[in-house]
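Trainee: Sequence lines, in order, name chains A and B.
So that you can map any letter, position 190 of the first sequence is 190 in my numbering, and since no number is skipped, the others follow by simple counting.
So that you can map any letter, position 71 of the second sequence is 71 in my numbering, and since no number is skipped, the others follow by simple counting.
Hint data in this document are derived by calculation from the structure and do not stem from the laboratory.
Predicted model, so just to flag it, every value in this text is computed and none were measured.
Some hints here could point you the wrong way.
[To be verified] To be clear about the criterion: a stretch of chain B counts as covered by chain A if any three or more of its residues have a C-beta under 8 angstroms from a C-beta of chain A, and this derived list gives those stretches:
(1) 26–36
(2) 51–64
(3) 83–89
[Said to hold, decoys possible] What follows is a set of in silico ranges between Cβ atoms, one per label pair, in the way DEER data are often shown:
(4) B:His69 to A:Ala305: 43 to 53 angstroms
(5) B:Glu56 to A:Lys40: 37 to 47 angstroms
(6) B:Lys39 to A:Asn235: 31 to 41 angstroms
(7) A:Lys58 to B:Ile71: 50 to 60 angstroms
(8) A:Leu31 to B:Glu56: 31 to 41 angstroms
(9) B:Ile30 to A:Lys3: 13 to 23 angstroms
(10) A:Phe236 to B:Asp74: 31 to 41 angstroms
Glycine is no exception: its CB is placed at the ideal position from the N, C-alpha and C atoms.
One-letter residues, chain by chain:
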Amino acid sequence: MIKTKNILEAIKMVDELKFDIRTVTFGISLLDCADTNGEKSRQKIYDKITKLTENFVKIAEKTEKEYGIPIINKRISVTPISIIAGSSNDTDYVKFAKTLDKAADIAGVNFIGGYSALVQKGFAKGDEFLIRSIPEALSVTNKVCSSINLASTKAGINMDAVKIMGQVIKDTAYLTRDKDSLGCAKLVVFANAVEDNPFMAGAFHGVGEAEKVISVGVSGPGVVKYALEGVKGRNFTEVCEIIKQTAFKITRAGEVVAKEICKRLDVPFGIMDLSLAPTPEIGDSVARILEEIGLESCGAHGTTAALALLNDAIKKGGIMASSNVGGLSGAFIPVSEDEGMIAAVSAGSLNLEKLEAMTCVCSVGLDMIAIPGDTPASTISAIIADECAIGVINQKPTAVRLIPVHGKTVGDLAEFGGLLGRAPVMAVSKFSSEAFIERGGRIPAPIHSFKN
Amino acid sequence: MKAIITILGKDKVGIIASVSTLLANHNVNILDITQTVMKEYFTMTMLVDLDRLDTEFITLQEELTNRGHAIQMDIKIQREDIFEKMYGI
Chain A
1 MIKTKNILEA IKMVDELKFD IRTVTFGISL LDCADTNGEK SRQKIYDKIT
51 KLTENFVKIA EKTEKEYGIP IINKRISVTP ISIIAGSSND TDYVKFAKTL
101 DKAADIAGVN FIGGYSALVQ KGFAKGDEFL IRSIPEALSV TNKVCSSINL
151 ASTKAGINMD AVKIMGQVIK DTAYLTRDKD SLGCAKLVVF ANAVEDNPFM
201 AGAFHGVGEA EKVISVGVSG PGVVKYALEG VKGRNFTEVC EIIKQTAFKI
251 TRAGEVVAKE ICKRLDVPFG IMDLSLAPTP EIGDSVARIL EEIGLESCGA
301 HGTTAALALL NDAIKKGGIM ASSNVGGLSG AFIPVSEDEG MIAAVSAGSL
351 NLEKLEAMTC VCSVGLDMIA IPGDTPASTI SAIIADECAI GVINQKPTAV
401 RLIPVHGKTV GDLAEFGGLL GRAPVMAVSK FSSEAFIERG GRIPAPIHSF
451 KN
Chain B
1 MKAIITILGK DKVGIIASVS TLLANHNVNI LDITQTVMKE YFTMTMLVDL
51 DRLDTEFITL QEELTNRGHA IQMDIKIQRE DIFEKMYGI
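Same shape as in the complex, but just chain A (with noise of 0.2 angstroms):
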C-alpha cells in the first residue's frame, strides 16, 4: 500500500496549501459553424456548444470529488470567432459575443475564451470588425474572454494592431467604468499566443487543435512556497531540486484527474498547463515564492533571477511527469491577483519597470496591473509593443492585460472581485510615445526567426 506519509502529504497540499487544479477548459473547434448568414452561424455556435458541453461542469464536479482535489474553474474556449464571423455577411460581431456568453451560461462555466483574432501579420476580413466591437462586446456580456496575438518570432510585431489596441483597451475600460474597468480583465493581448492555453482571458481553440479537446491548467504556488520552507539557507540546487519534484507531483496528480473527464466525457485529452497561478487568498502567492528563495520583497534585485529558476525548474518537473505538457506552462505574475504582489507594489518595492524584466524570463506577460485611467492610449500601445518585442525576440509567448481603470490614479485601489482581486494603480511613465505610435506598419521579423 501507499506510504501513509505521502497520503498525508497528498491531502495537507490540498487542506492547507491550497492545491488545486486552476481550471478544467473544454475546447471546441467552431470552423464548422462558419455561414454567409449570420444568424444561421450564430445557431450553429449555439447548439453545438451546449451539445457538446452538455454534461461537462457535472462530470468534471463528480471526479473532483473522487479524487478529493478541487477544480476550481471549468471553462470553454472556442475558434477564433474573427475567422467564424468572417465567413457572414455580418458587420456587427458583438452579436457572437452574445451568443458566445448564452452558450457559456447553459453550460454551466464560468468563461468562454475565443472572442479572438489572429494578426500578427495583418488584418483578414473578420479581424478588424472583431477588434474593433470588443469594448462593446465585453460589456455587454459577463463571460465571454477576449485576445488578440499581435505579434510573432516569425512574422514580426502587426504596429497597426498594437495602435488600435491601445484605444480599445481605453474604450473598454471606459464602457465598464462602473466596475472599476474590469471589462480590461477579460482582455488580453499576445505576442506568439499559444493555441492550447487553457487558462484566461487569453485562451482560444487554435486552428491547427483537434475538433474538441480537454485541456488542464494545475496550480499550486503554496505547495512550492511550503516545499521551499524545507530548504532554507540550502544553495540553488537544492531549491531548484525542490522545485522540480513538487512540480513533478502536482502535475501528476492534475493529469490523473484530467484522464478521467476526459474518459467519461469521451473527449480526447489535451494538455496539461502546469502553471503556478496565485489567487488574492493568503498562502496562494508566486510572489511569496520568490521571498522565500531570500528576497525582502518581491521586486527587490534578484527577483527576475529567482523567478527565472523557478519558472525553469517547474517545466522541468512538469515534463518529467507528463508527455502532453503544454500552453503557457511556468509562473503567472499576474499583479492583482497575488496577495504578495499587492503587497509588493504598495510596498514600493515592484514597479511596472521590474514586472517587464520578470516578463523576460516567465511564461506571460504584464498581466492584471492597474494603470491610471488618463493614461494616453499611445502609451499603452507602446507598452504592448515593448512586450512584444521582449516575446518576439526571446521567441517566448509574452502578454499584457492592463486595465486603465477610469477615474482612478496611482495611489488608488481598484477592485476587480473575486479571483481577479484588487490592484493598486500603478505609475506610467510620462513621457510621450505619440510619434513612435503613430507610425504604424510593421516590425518585421527578428533575424533569428529564418530558421528555414
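Following the hints, position chain B against chain A.
Mentor: Frame of chain A; chain B shown alone:
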C-alpha cells in the same frame, strides 16, 4: 476501483468499528489498514476495494463524512490511483 480512506483525529474507542461497519453495509472490502497513534492523535489509512460497492461513490463519501462528524474525526475517501501517480515514477 480502489480507494484510500483516511481517518484523522483524537484517538477514542470504536473508530475502526464505526467506519468498518459502514463500509460492510455498502459491500466495501477492506484490503489493508495502517494505523498510528501519536500523542493521542489517531491516523489511519485504509485501502478499500469498491468493485462491489452498492451505491454511488459520492453517496459513500457523504456518509463517511457524516460518520466522521458524528465521532469527531475527519474522514476522507479518494481514489487510489492519484497517490500511485503522484508518488511513483
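Trainee: Hint by hint, say whether it matches the structure.
Mentor: Here is how each hint holds up against the structure:
Here the stretch 26–36 of chain B counts 4 residues with a CB under 8 angstroms from a CB of chain A, which clears the bar of 3, and the coverage holds. Beta-carbon proximity to chain A at under 8 angstroms applies to 3 residues in the stretch 51–64 of chain B; the threshold of 3 is reached and the given coverage holds. Check on the stretch 83–89 of chain B: 5 of its residues sit with their Cβ under 8 angstroms from a Cβ of chain A, so the three-residue criterion for coverage holds. Judged by the Cβ atoms, the range 43 to 53 angstroms given for B:His69 and A:Ala305 holds: they are separated by roughly 49 angstroms.
The hinted window of 37 to 47 angstroms between B:Glu56 and A:Lys40 holds, with their beta carbons roughly 42 angstroms apart. The given range of 31 to 41 angstroms is respected by B:Lys39 and A:Asn235, whose C-beta atoms sit roughly 35 angstroms from each other. At roughly 32 angstroms, the beta-carbon separation of A:Lys58 and B:Ile71 lies outside the given 50 to 60 angstroms, and the hint is violated. At roughly 38 angstroms, the beta carbons of A:Leu31 and B:Glu56 sit within the given window of 31 to 41 angstroms.
In this structure, B:Ile30 and A:Lys3 meet the distance hint of 13 to 23 angstroms, their C-beta atoms being roughly 18 angstroms apart. Between A:Phe236 and B:Asp74 the C-beta distance comes to about 38 angstroms, which sits within the given range of 31 to 41 angstroms.
In this structure, only the earlier hint numbered 7 is contradicted, and the remaining ones agree with it.
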